[in-house]
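S.K.: Sequence:
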Amino acid sequence: MKENDTFPKDFLFGGAIAANQAEGAWKEGGRGESNIDYIPHGNDRMTVKLGYQPNPILDDQHYYPSHTGIDFYHKYDQDFDLLEELGLDIFRTSISWSRLYPNGDESQPNPEGIAFYKQLFESCRNHHMKLLVTLAHFDIPMGLVRGYGSWRNKKVIDFYVRFAETCFKEFGDYVDYWITFNEINIVLHSPFSGAGLAIQENENRDQVLFQAAHHMLLASSLAVKSFKTLCPNSQIGCMIAGGSFYPYSCAPDDVWQAMMDDRLNTFFVDVQVNGRYPFYFKNILKEKNISLEVTPEEAEILKSTVDFVAFSYYSSRTSIGDTSKVEMNSGNVVKSVKNPYLKQSDWGWAIDPKGLRITINNLYEKYKKPLFIVENGFGAQDVLEEDNAIHDSYRISYMNEHLKEVANALDDNIPLIGYISWGILDLVSASTGEMKKRYGVIYVDKDDAGNGSFARYKKDSYYWYQKVIANRKLT
Numbered sequence: 005m006k007e008n009d010t011f012p013k014d015f016l017f018g019g020a021i022a023a024n025q026a027e028g029a030w031k032e033g034g035r036g037e038s039n040i041d042y043i044p045h046g047n048d049r050m051t052v053k054l055g056y057q058p059n060p061i062l063d064d065q066h067y068y069p070s071h072t073g074i075d076f077y078h079k080y081d082q083d084f085d086l087l088e089e090l091g092l093d094i095f096r097t098s099i100s101w102s103r104l105y106p107n108g109d110e111s112q113p114n115p116e117g118i119a120f121y122k123q124l125f126e127s128c129r130n131h132h133m134k135l136l137v138t139l140a141h142f143d144i145p146m147g148l149v150r151g152y153g154s155w156r157n158k159k160v161i162d163f164y165v166r167f168a169e170t171c172f173k174e175f176g177d178y179v180d181y182w183i184t185f186n187e188i189n190i191v192l193h194s195p196f197s198g199a200g201l202a203i204q205e206n207e208n209r210d211q212v213l214f215q216a217a218h219h220m221l222l223a224s225s226l227a228v229k230s231f232k233t234l235c236p237n238s239q240i241g242c243m244i245a246g247g248s249f250y251p252y253s254c255a256p257d258d259v260w261q262a263m264m265d266d267r268l269n270t271f272f273v274d275v276q277v278n279g280r281y282p283f284y285f286k287n288i289l290k291e292k293n294i295s296l297e298v299t300p301e302e303a304e305i306l307k308s309t310v311d312f313v314a315f316s317y318y319s320s321r322t323s324i325g326d327t328s329k330v331e332m333n334s335g336n337v338v339k340s341v342k343n344p345y346l347k348q349s350d351w352g353w354a355i356d357p358k359g360l361r362i363t364i365n366n367l368y369e370k371y372k373k374p375l376f377i378v379e380n381g382f383g384a385q386d387v388l389e390e391d392n393a394i395h396d397s398y399r400i401s402y403m404n405e406h407l408k409e410v411a412n413a414l415d416d417n418i419p420l421i422g423y424i425s426w427g428i429l430d431l432v433s434a435s436t437g438e439m440k441k442r443y444g445v446i447y448v449d450k451d452d453a454g455n456g457s458f459a460r461y462k463k464d465s466y467y468w469y470q471k472v473i474a475n476r477k478l479t
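Counting from 5, one number per residue, gives the positions in the sequence shown under the numbering used here.
Simulated from the structure, these hints should not be mistaken for laboratory data.
All C-beta atoms in this analysis are idealised placements derived from N, C-alpha and C, irrespective of residue type, glycine included.
A hint or two may mislead.
[As the list claims (entries may be wrong)] Simulated crosslink set (DSSO-like; lysine-lysine; CA at most 27 Å straight-line):
| # | residue 1 | residue 2 |
| --- | --- | --- |
| 1 | K370 | K358 |
| 2 | K408 | K372 |
| 3 | K339 | K440 |
| 4 | K373 | K232 |
| 5 | K307 | K339 |
| 6 | K358 | K471 |
| 7 | K229 | K173 |
| 8 | K229 | K373 |
| 9 | K229 | K370 |
| 10 | K13 | K158 |
| 11 | K339 | K13 |
| 12 | K440 | K79 |
| 13 | K358 | K373 |
| 14 | K408 | K358 |
| 15 | K292 | K229 |
[Unchecked claim] Per label pair, the in silico range of CB-to-CB distance:
| # | residue 1 | residue 2 | range |
| --- | --- | --- | --- |
| 16 | V298 | Q82 | 29 to 37 Å |
| 17 | P256 | Q82 | 54 to 62 Å |
| 18 | N417 | K339 | 30 to 38 Å |
| 19 | K477 | A303 | 45 to 53 Å |
| 20 | E301 | K477 | 49 to 57 Å |
| 21 | H78 | A453 | 18 to 26 Å |
| 22 | N208 | T10 | 47 to 55 Å |
| 23 | E405 | D180 | 23 to 31 Å |
| 24 | D416 | P256 | 23 to 31 Å |
| 25 | H78 | S253 | 51 to 59 Å |
| 26 | Q123 | K286 | 43 to 51 Å |
| 27 | D75 | V298 | 54 to 62 Å |
Given these sequences and hints, build the entire structure.
M.R.: Structure (structure tokens):
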């Protein structure tokens, strides 16, 4: 490690959660049902999550972890006490769409939902943390899923814009940074969890997904346009699930596939930064036999662009021209070949700190916008000892190695707004629905079946991160 692995005073160290994985209280305060409420824990989770269940239902045979989350809805004040002591500069969360608009298509918001978030954000401010808020974090009211077909229906754009404008008007004074959609590119990979899309038997899956993505991009641009008027003193960005694609070998077919995979992953950013679809997008549609017309009016809408580019980073990806030749990496939501040069987590995620620096450089070279690392973390099984200690040296190592590369990226003269650790408190895993896949520096006493005291305990990584933030330097 270089002796000057320090971070500037204005670099923001943070922690993140999401409403759908943490709040719980799924029937309280006038909240309506959301897509996340229909995704069970267990063997049937992936069928629903990936959009292969045409009509998701609730039943007594399954446990639905979002219904209780980690009870952040009732415990946010004590959680903010812990996060203020940790020294966080910024806290990231999201707003439950169905808490403000229970069915999604109401003309007026739910006043209980407005009051809750005002109290939440006021408490965050009183605990001396800035706020980054995601408008839609894998979250859409089930009323819009059932009544309109979710994002496949253009009418949902107007409902989203109404929701966004309500948030800007009601909460704009509290929030420093906004994101329109969490990991918007995940709509192509996990459509029901990412966008409330349940694919029907007679539908062309790719056609539905790309049409929905187009509607989401239009909605994002319209929200950005409103934001510029309503919140002139804060910033709004886009977000993708990041991670550069490496070619499996120097064979030209592998290099080409890596380039094509990266394009499919990042074209969302091209639209939100440059205000138009990239030159290669028509070929993507042609190869997938997708019909997607962008009207002159829509092309004009897309010209409303973001202030910064946010991304999550957990691992890099690897591409090959012929996937039958190699083992695929089962842990990634975005399909990837197993990289023989990298170790993996217990859930099959490749561990690649240098890949974070590579991703940062690639994104800045392409988009020339300030970048914000809004998710990074290590999912692992932690052990709560009899003395309530949690010795998670593996998490400290992961965070330390990734922050080294963040420091290197700053030395590369890239404008980085900050680094936000994902799941700063243990929460329900978006991918698996598990609690045992823990990310936090704060342990939450809840198991995969929903049992536990929900008490919070500081892990060793809490004290390590506290020192890093206080000293603006890696230890």
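S.K.: Next step is simple, just say for each hint if it's right about the structure.
M.R.: Here is how each hint holds up against the structure:
1. K370 - K358: It holds: about 19 Å lies between the C-alpha atoms, which stays within 27 Å.
2. K408 - K372: holds, 22 Å
3. K339 - K440: holds, 23 Å
4. K373 - K232: Holds. K373 to K232 sits at ~17 Å (cutoff 27 Å).
5. K307 - K339: violated, 31 Å
6. K358 - K471: holds, 23 Å
7. K229 - K173: holds, 14 Å
8. K229 - K373: It holds: about 18 Å lies between the C-alpha atoms, which stays within 27 Å.
9. K229 - K370: holds, 23 Å
10. K13 - K158: violated, 44 Å
11. K339 - K13: Violated, at roughly 38 Å.
12. K440 - K79: holds, 20 Å
13. K358 - K373: holds, 21 Å
14. K408 - K358: Roughly 9 Å separates the two Cα atoms, so the pair holds.
15. K292 - K229: Since the Cα atoms of K292 and K229 sit roughly 31 Å apart, the hinted pair is violated (cutoff 27 Å).
16. V298 - Q82: 29 to 37 Å: violated, 48 Å
17. P256 - Q82: 54 to 62 Å: holds, 57 Å
18. N417 - K339: 30 to 38 Å: For N417 and K339 the Cβ distance comes to about 33 Å; the hint holds.
19. K477 - A303: 45 to 53 Å: Holds - the Cβ-Cβ distance for K477 and A303, about 47 Å, lies within 45 to 53 Å.
20. E301 - K477: 49 to 57 Å: holds, 51 Å
21. H78 - A453: 18 to 26 Å: With a Cβ separation near 20 Å, H78 and A453 satisfy 18 to 26 Å, so the hint holds.
22. N208 - T10: 47 to 55 Å: holds, 52 Å
23. E405 - D180: 23 to 31 Å: holds, 28 Å
24. D416 - P256: 23 to 31 Å: holds, 28 Å
25. H78 - S253: 51 to 59 Å: Holds, since H78 and S253 (Cβ atoms, about 53 Å apart) stay within the stated range.
26. Q123 - K286: 43 to 51 Å: holds, 48 Å
27. D75 - V298: 54 to 62 Å: For V298 against D75, whose Cβ atoms are near 44 Å apart, the range 54 to 62 Å is violated.
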